[in-house]
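> Sequence:
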Amino acid sequence: MVPPKGFRRAHLGVSPGTWSDDGAQALVLLDSLLSRSGLELTHFADGLRRWLHEGFYAVGGQVFDVGIQTSKAINRLAQGVPPEQAGPCEEGNNGNGSLMRVLPLALWHQGPDEELAILAGRQSLPTHGHPRSQVACAFYCLWARATLAGQADAWAWADGRLRELGAAAGLPSNEIELVLDPAHAAKAGGTGYVVDCLWSARQAVETTGDFRECIRRAVAFGHDTDTTAAVAGGIAGLRHGFKGIPSTWRDGLLGVGLYQPLLDGLLKRRLPARPVDVAVKTSASHPIRVATLKAGAGRIGVTFCPGKKQRNAISGAWDRDLATDLAALGSWGARHLVTLIEDHEFVELQVEDLPQQAAAHGMRWHHLPIVDEQAPDRRFEQAWRAVCPQLLEALRTGDGIIVHCKGGLGRAGTVAAKLLMAALPDVEPAEAMARVRAVRRNAIETRVQEIYLHTQR
Numbered sequence: 001m002v003p004p005k006g007f008r009r010a011h012l013g014v015s016p017g018t019w020s021d022d023g024a025q026a027l028v029l030l031d032s033l034l035s036r037s038g039l040e041l042t043h044f045a046d047g048l049r050r051w052l053h054e055g056f057y058a059v060g061g062q063v064f065d066v067g068i069q070t071s072k073a074i075n076r077l078a079q080g081v082p083p084e085q086a087g088p089c090e091e092g093n094n095g096n097g098s099l100m101r102v103l104p105l106a107l108w109h110q111g112p113d114e115e116l117a118i119l120a121g122r123q124s125l126p127t128h129g130h131p132r133s134q135v136a137c138a139f140y141c142l143w144a145r146a147t148l149a150g151q152a153d154a155w156a157w158a159d160g161r162l163r164e165l166g167a168a169a170g171l172p173s174n175e176i177e178l179v180l181d182p183a184h185a186a187k188a189g190g191t192g193y194v195v196d197c198l199w200s201a202r203q204a205v206e207t208t209g210d211f212r213e214c215i216r217r218a219v220a221f222g223h224d225t226d227t228t229a230a231v232a233g234g235i236a237g238l239r240h241g242f243k244g245i246p247s248t249w250r251d252g253l254l255g256v257g258l259y260q261p262l263l264d265g266l267l268k269r270r271l272p273a274r275p276v277d278v279a280v281k282t283s284a285s286h287p288i289r290v291a292t293l294k295a296g297a298g299r300i301g302v303t304f305c306p307g308k309k310q311r312n313a314i315s316g317a318w319d320r321d322l323a324t325d326l327a328a329l330g331s332w333g334a335r336h337l338v339t340l341i342e343d344h345e346f347v348e349l350q351v352e353d354l355p356q357q358a359a360a361h362g363m364r365w366h367h368l369p370i371v372d373e374q375a376p377d378r379r380f381e382q383a384w385r386a387v388c389p390q391l392l393e394a395l396r397t398g399d400g401i402i403v404h405c406k407g408g409l410g411r412a413g414t415v416a417a418k419l420l421m422a423a424l425p426d427v428e429p430a431e432a433m434a435r436v437r438a439v440r441r442n443a444i445e446t447r448v449q450e451i452y453l454h455t456q457r
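For the sequence shown, position 24 (counting from the first letter as 1) is numbered 24 according to UniProt numbering, and the numbering increases by one without interruption.
Think of the hints as simulated: they come from the structure by calculation, not from any bench. Hints are all accurate, no fakes.
Here are the computed lysine-lysine pairs in the DSSO-like style, where the Cα-Cα straight-line distance is at most 30 angstroms:
| no. | residue 1 | residue 2 |
| --- | --- | --- |
| 1 | Lys-294 | Lys-281 |
| 2 | Lys-281 | Lys-268 |
| 3 | Lys-72 | Lys-187 |
| 4 | Lys-243 | Lys-268 |
| 5 | Lys-309 | Lys-281 |
| 6 | Lys-309 | Lys-268 |
Can you make the complete structure from the sequences, with help from the hints?
Below you can see the structure in the form of structure tokens.
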């Protein structure tokens, strides 16, 4: 842990055993995953902001190293730019800042490979928006998963798996081909370019026989030494295990009060589950409920995503049947189904065939995606101009309209209040929110959603 004599240090005032931006951002990600039981991008992005501006998960609260691109992106987050748009997305903005922190996701996640790849790409967005960075993060998580599973050639397995998943995970095939091009192996140099960092890490892992030598090899590249070592060290740690890390390095690590509670939480999550989870909510054990608002001759219903499957939701585990839930909504009187989840959430919740199933149950389906925890944006408003007249006509003729997001609170409550005001011009925003909350407690979850509704009159 102590640098050898003659080693040129970049931060002379920093004590050995202190992690840099790599470790801090990884802990921020793990904290968010554990506290929110999933990747909630707004929560994670706020953690990044707190790290840079407040020293969140930095040893001693001191931030001494941050990449230029990451710093600019986090400052954009602080200015209110949505996390999906904060990270620069030009080709020249492919530093290794999102790759260096993504390992906790691979350790926390226990679902399908496709979902892991999608989430790995999404966590990149607040600081690194280009698809190349997303591909690198997705590949690294698959590489880590294969290593943890004891695959003989984890890199080759991850290579093949990512090529299979590319389109389904929303990752461009040309970027996958570029990142996985074997020609990079001969040019590995330990730089801050995300592709070079990935291949340099591979060389450090595969040309050494233990954890210590892997880290030394990574540092020997020069250039972006801490990040190359972090990326290589993540895989080496999985390969050689806890006892493979030199005890003097482990004992010399500072900030135990910061990382130990997170490691305990992660280990608790990774413990084998019971054979039967009696707490799982199914369509049979927990029939879908609809919070109903009268709107003239018609009705507006607010609920969660029908058919959703979530193993680790804040509200518990869900394993619902889409056809059963849609049949129940049809019995309620639904003739229109307004879906507010984003494209990636169809995969996460395993409801990819929702549009076809809704049509089969006699419902007109409208997709108006909104970012989780956020208010409707320009994309929504453009689609709303075409959809709203159809919904108002449906209410006028006495039809039922179901509005849903993932959990049936924030986005669904916001749009239900918006539709209620459109149907009943005399209803003011405060009253609309009160009516929604009277039938769906805790609906309209965030301040930004409340502010948005107050602008609708």
